[in-house]
Each structure stands twice: as C-alpha cells, then as structure tokens.
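Peer 1: Protein sequences, first through last, are from chains H and P.
With the numbering used here, the residue at position 87 of the first sequence is 87, and numbering never jumps.
With the numbering used here, the residue at position 66 of the second sequence is 66, and numbering never jumps.
Derived by calculation from the structure, the hints in this document are not laboratory data.
Quantities reported herein were computed from a predicted structural model and do not represent experimental measurements.
Even for Gly, the Cβ is constructed at its ideal location relative to N, Cα and C.
You may find that some hints are simply not true.
Unchecked claim - 20 Å max Cα-Cα, derived SDA-like pairs, lysine to any residue:
id	chain 1	residue 1	chain 2	residue 2
1	H	LYS575	H	PRO678
2	H	LYS201	P	ILE91
3	H	LYS215	P	ARG150
4	H	LYS215	P	LYS32
5	P	LYS32	H	PRO678
To be verified - If you want the ones that stay clear, here's a sample from chain H, every Cβ over 12 Å from chain P, calculated:
id	residue
6	PRO155
7	ILE167
8	ASP202
9	GLY362
10	GLY398
11	GLY431
12	ASP480
13	ARG515
14	GLU564
15	ALA635
16	GLY646
17	GLN661
18	GLU682
19	ASP688
20	ASN725
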Amino acid sequence: MNRRHSKAKLSRREMLAGSAGLSFAFAVGAPSLFGESDAFAQSGGRLNAYVTIAKDGTITIASPALEMGQGVNTALPLIIAEELDADWSKVRVQQAPVAAVFNHPILQQQMVVGSLTVRGYWIPCRTAAAQARRVLLNAVAERWKVPVTELTTEPSTVVHAASKRRIGYGEVAAFAQVPEKLPEVKPEELKPASQFRLIGKDVPRPDVVDKSSGKPLYAMDVQVPGMVYATLARAPVRGSGPISFNRDELKALPNILDAVALDNGVGIIGNTVEAVFAARGKLKAEWRDAPGSKVDSAANLHEYLAHVRDPARKGVVGRTTGDAIAAIAGAAKVHASEFTCDYVYHAQIEPHVCVAWVKPDGVEVWTGTQWQTRAVAEAAKAAGVGVEKVTLHQMQMGGSFGRNIFVEYVIDAVNLSKAAGKPVKMIQSRGDDVVHGRFRPMYAQRIEVGLDASDKIVGWRHRIAADTVVPYLYGQARMDAQKGVDHIVFAGADVPHYDVPTHIADHIYEERGVRTAPWRGIGAGATNFAVEVVIDELAQLAGQNPLAYRLALLKDPRARRVVEAAAKMADWSRKRDGTALGISFGKLGLPPIGFSLVGTVAEVSVDRSTGRIRCHNLWCAADVGLPVQPGNIVAQLESSLIFALGSALKERITIQDGVVQQSNFHDYEILRLSEIPPIAVEVIRSGDIPLPVGELGIPGVVPAVSNAVFALTGRRLRNAPFTPNRVKAALA
Amino acid sequence: MAVVAFTINGRPAKVEVAPDTPLLWIVREHLKLSGTKYGCGTGLCGSCTVHVDGRAVRSCQVVASQLGGKQVTTIEGLAADANHPLQRAWIAEQVPQCGYCQSGQIMQAAELLATNKKPSREQIVAHMDGNLCRCGTYPRIVRAIERAAREA
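Produce the entire structure from the sequences given, and follow the hints as far as they go.
Peer 2: The structure is reproduced here in structure tokens:
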C-alpha cells in the first residue's frame, strides 16, 4: 500500500495517482541556504518533491519549475535522478502541480526567477531523492535479511555484493512501503560530487524532440471544446482604462459575440481568432487619464540625468561598504562618468496567450507563467473563488525573459471567460504585446570614483535614477520590508570583487507611470554597463591596459580567472586590423546565494559613415560553480550573450504622450542570424554548488562593446543602445 | 464566408472562412495543426512559416482566397514520424530552447535543402535571416542545417 505525506493539498492529485508502484511525497526541512538575517529565509526553506516508481521500473519525477527554454525540466529531474541513482533512460518528467510543497525553497513560492531554480532546489531535491533511495534500500534489507549497510545501488538497481544478488527499483517498488516518517538524510550524507555520473555530463533535453516536431506544448496550442476566442486591447498606459468605445459597431462585425469594457482595456470576444483580430483593428476607444498619460521618455531621460547630478537629491541607499561619501570628499581627485539606458522590451516570440474556463464550480486555466503560485491566486481572485477551485494547466512558455512573471493575462482571460460564459482563448496581438508591454526601467547613472595621489581607488559612488519594479511586481509591502531597496533595479550596482575600499549606491525613484518588469539579467544589464566602462576609464587614466588594470584590481581569484580566460580565448594582445577588442567582468547572483562570474570580450568594427557597429566575435568565460548540464550552460550563455548584444546595438522602447512608439519587430528589432558573431564559451567549474546561469551572459556584453569601440575610435559610448545616430554623434 | 478547398499535408481539406482569413489561423485554429506559430502577424518573424506548393511562405501573409487547389505542408507533414534530416539534426544539435519559433525555422530550412543540397554558410545565413529566434539559438540552427546537409 502506498501512502502519501503531503502537508499541502495537491490540486491535481489525480495526475499523480494511478501508477501501480511506489509514490513518495516528501516534506523535507531543507537546510537554510542563508543566514537568519536574509530576507528570503524568513520562514525557513521547505521543499517537497515527488518521485513515483512504477513496477515496470519507470520513474516519474515531478518538476516543480516551468520550462521557458532554460532547461529546468532537464536539470532538476537529473539532479533527483543522480541522488536516487536512477537509470536516466527510465525517467519520465512530469510537471508538478501547483502546491506549496513544490515551492522554491528560497522564494517560498512556485516561481522561476533570477536564474535561481537549480541553485535553489539543489540541496532539497537531492535530499528528497536520497530519502527515496534510502526507503528502497531499507525495504530490500528487510526482505533479504541483510544489514542495509551491505547494500549499494547501481542505476535503478539495488545490489548486495556479498551474495551477488541484484534487484531492480521497479521490483522493489512492488513490495516496499513508504514509512510514516521518512529516513533523515543530512547534507553531508548526500552523494559526493566525485561520484556523480549524470551531473556534469550532457543528457539530451527531453523537450527538444517535441519542439523539433511541432507538438502542442504552449498556451497558444490549447484547444478546449466549445471555446471561443478573445483579444484584449489594453489601455495604453498603466492605470488607465476605457471611458467609452464603439461597442455596437464592433458587435455588428461578423463572428463577433461581444465587446466588453474591463478595468484595464477592452475585450473583444468572437467565434474565430481572425474575427477578433479584425475587430481589434476597428476599435475606437477613449481612455481615461492616468499618471503615465503624458510620459515622454526622451524628456524624462534628461530629468533622470539631472537627478543623478544633483547632490541635494536623495536616493534610497542599497548595500554600502564603509563611508564612500567621506572617502570621495577627501580624495586627491574624483573621476565622474554618466550613462543612460533606454527602456527595453522582452520580445518573447509567443505573445501573451491564456485559455480560461470559468465554470460554476471553479476555474480552469491553461497558460505558461514564471510565477505559478501567483497565477493561481489571481485566477481565483478574478473568478471570485478560492485557490482550491483553480486548476492551472501549466504550459511551456514560448520565451519569457521576465515578462511572464506578471500574470495580468490570466486575470484578463478569466474576466473574458466570465463575460462570455464559455471557455475563452485570449490571444494578445504582437502590436498589443509591444505597446502594452512591461519594460526594463529606463536608467540614468552617474559613477564617481575617488582616487588618492597614486591613483588608487578610495571610494566609489554609484547613483541611479530609474523607474521602480518591485512595488508593481511584489507590492508595496515587500518594498517597505526591503526598506525601499528595489533589488531588481539595483542588481549589479556593487563592486565586491574589486579592491574598492568604500562603496555606496543609491536609487532615485522615477515614478512616471510606465509599466516595468524584470528583464533578463535584471538591473545588471544596465548597471554593469556603467561599472565596467568606468573601470576601463580608470585604466585609461592610469595609463594601463584594460586587461592588466582589471587583473590588478580584482581581488577575487575566481574573478581574475574568468577575465584572464576570456582574454586568452580572444588572443587579447594580438593587434587587429580595422577591429578592436573590449573586455568586461560581470556577475550574477546575490551575496548569500553566491555569484556566478563572467568575463566577456567583444571584437567590433565601426562604419564611420553609417554609424553602424558590427560585432565580429564574442568570447566568454563563465564560472558557474558546478556545471550541471555543461552543453545547456553553453546554450544559455550563447542565448544571453545574443540577448544582451541586441540591447547594446538596437533594442529600445520610446514613449511619447504616454504611448509606446514601437509596435512590432520592424521597429523593435531583435538580432537576426546575419548579425550574430561567432561565439566561444568556456565553462569553468569552481566548486560543488551550481550557481545562477540563465542570465549570466547579460552583464558583460554592453560594456565590452562600448570598451571595444573606445579601443577602436578613442570615443566612449555612454548611451545604450548604441544606435547609428548615437555612434555618429560620439565620433563627430 | 467562402468555402476553400486545398491540400494539407497530402490530404484534402475544406474550410469555410472569410476570404481574408490568414492561412495561419486556418492551419492552427480551424485544422488544429498547432505546430505553426503566431508571432507577429505581419510577416516579420517567420514563426508561422509553412510550405505552399513547395515554397516557404509566411502563413500569416497568405489568405484563404489565395489557397484554392494549393498544396500546403506544415511541420506536422514535413516528414513521416518527424524524421526529416533537419529534425534529426535539430535534435542532435539540441537546437531548441523555448522552441516556439523552431517549426518555422525548420520549414524555412527545409525549403533551402530541397533546392540546394550543400548550401554554403553564407547561403544558410541569407536564407534563414528572416526567421527570428529570441532565445538566440542561431549558432545551433546553422550547425543543424550543416549537419542535415551532410547526413541527408
């Protein structure tokens, strides 16, 4: 008889039942990853993972995170299989339901953010798998009447060497019982890294086969009997909504069932998607004023810059080291430098799609999201039911990069299903996805560095004026609990790896009513641009080579190693004809979690007549702690390097009169194949803990390109993206 | 509304739609062949690429009234058991990340290999330049096409 021990009610137990075999549900007290002081760890980490072993030996592993291309549905099951000593060919991966037992142990929610999935679930997943293995061993020991210490495992097999007996996990599952209290497994009892046979070696991603044959995997592909279609024209600015619109005209169009005013936009419901999209083009609406109605991003950027220059304007201070203000005041000289970054858009190729079905007894939702817990909560709220009445069918995401942490599309679809009285497939048009997107904040930054008489750094002050993200994503209460520190904006605005004795960074809030979101790499895509160009400038002031200067200033040996490795890959000292190299250091993570580190070198040329920059090569050395899936880590670095190169060269959202000026891929260009340079990635192992990977390519590219352009032309690019007009202006 | 008869993946199909209905929605939502993806609706991203009479086209830019008697092939009909050399190469090179654009990438690449058995890298880049991939799988797409050309 199988027993389950689950502290939280599973919303979809049926998907887990029915396999004749052994099911484990673990309630494991995960070792706290952080000290007591860390905000994330307030309530202690906890994870339950689900392992089911069928009598035929099939092992079903529930993956608590959602796939958006990053490979979590390979990496997490693989980690569990490693510790369970499972035969990987017998493993089937299943999406875990939304339940507290599957919460991310750091984030205390089921969510996929910050490249923290593998890092966060690392110890708890292994502990859960080790417990499952221990249960199997205990069952065999009892049956064979041998001490459990004499038993070992080989892939999916329990072995008693002394009597040369072997038994498969499936056979054990036929008689084993899960005890009321699972065996305790301490972290030090987990399999040592030296014995890993799966971790560190590439296995094919199971999703790749389906993705190469067009299988239905995404919300866009969902078909529900009796469903109708809808699209939502969202209000052009945050907080706005329709005052009036041409409802009668829209309703008279063929195959249109209704057009409804929602708080944040106008929903159009019809029998076919082509009908609702055609009607969307005929919408005439008057929108009510909102704080963002007058936003002019170009004018605002000048104000942001004025704010970082104004010593009287106080920002919220993030982490500090020593008294940088005093150190700079007393410095022999001060180097100051300013930077800007425009808004950028996620441009995930699947626009928002959600299928919702509000029924008398609950609501079903089919969608992809980076925050499953939130999606369920918001669907429940919108439908006016408890969360236990919500079934979330978790679909893979056609990209996300931070966009699908916000789940307004779930709320919209539920509202539209309520209005239609039917299941509704809500598809956002690309135009609406851009115009009503949520963007990485616009940044103005000023860095002041105090130097002593021998050019040694004595103090570093980093000022940021930018929109906020945390209040809109997590709520004002979280912002207050963090003492106003918007960690999404701040990320990367510190220099712990450099020999900088005093440091301060502050954030001047720019509340302009623009919709914001985390964007791949969060703040570091903007802040590290400023930091690493300033490092280059300091090298220039000191009359040193940017590589030598960094290596001398980096006090962390891991950091020196990635910079050195990237330089070596690029053959740094070789003189080029018509091109030049720029280098940068970057990091991803938080001090309590640990930083993954990256050294990046870009080789560029500049067409002086057109102002176009061409990137000829990217080299990247990445220290990721323990590489779980090395091939996928290379893929993620290629991916994030290309993503960042787009933000260096092209990507920008501009807003006039509150309205986003871009509307599709013709005016929000992402990089295409002909613009992709050869990319070389070296993955460095530095320990036995996997560190953040999915966004690691982001921080280094923009500064490396800027630094390369300086090496080539003697001019600094300080305003990202480096559009042809900006480049021409800088070269003039 | 009009009835349009054409061939999809070798089988006859008949749909009743407005004449200006994009082939994309006919394929995806009327015929439920959802491998073909909506990305931009304006022929800018390539995620909806299918073959019409053997030529790769953006299905969001072809409408029902142009379809009569045409042979349409989608990712589902590219090869029996999804065993096209490109699909095998896509798996061998572990190309997809999120995977959303990949049907369109494969259909675009299939047109190239159908007419040019051994494309140069420059020819691959030129042929594939209109298909966007936000995950940046581009280096692997090129490798997979080269592999398919080699192993086909």
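Peer 1: All hints, please: hold or fail.
Peer 2: To see whether the hints hold, each was checked on the structure:
{"no.": "1", "hint": "LYS575(H) x PRO678(H)", "result": "19 Å, holds"}
{"no.": "2", "hint": "LYS201(H) x ILE91(P)", "result": "17 Å, holds"}
{"no.": "3", "hint": "LYS215(H) x ARG150(P)", "result": "26 Å, violated"}
{"no.": "4", "hint": "LYS215(H) x LYS32(P)", "result": "11 Å, holds"}
{"no.": "5", "hint": "LYS32(P) x PRO678(H)", "result": "39 Å, violated"}
{"no.": "6", "hint": "PRO155", "result": "23 Å, holds"}
{"no.": "7", "hint": "ILE167", "result": "34 Å, holds"}
{"no.": "8", "hint": "ASP202", "result": "8 Å, violated"}
{"no.": "9", "hint": "GLY362", "result": "26 Å, holds"}
{"no.": "10", "hint": "GLY398", "result": "3 Å, violated"}
{"no.": "11", "hint": "GLY431", "result": "8 Å, violated"}
{"no.": "12", "hint": "ASP480", "result": "35 Å, holds"}
{"no.": "13", "hint": "ARG515", "result": "19 Å, holds"}
{"no.": "14", "hint": "GLU564", "result": "24 Å, holds"}
{"no.": "15", "hint": "ALA635", "result": "6 Å, violated"}
{"no.": "16", "hint": "GLY646", "result": "9 Å, violated"}
{"no.": "17", "hint": "GLN661", "result": "17 Å, holds"}
{"no.": "18", "hint": "GLU682", "result": "15 Å, holds"}
{"no.": "19", "hint": "ASP688", "result": "25 Å, holds"}
{"no.": "20", "hint": "ASN725", "result": "23 Å, holds"}
Checked against the numbered hints given earlier, this structure breaks hints 3, 5, 8, 10, 11, 15 and 16; the rest are met.
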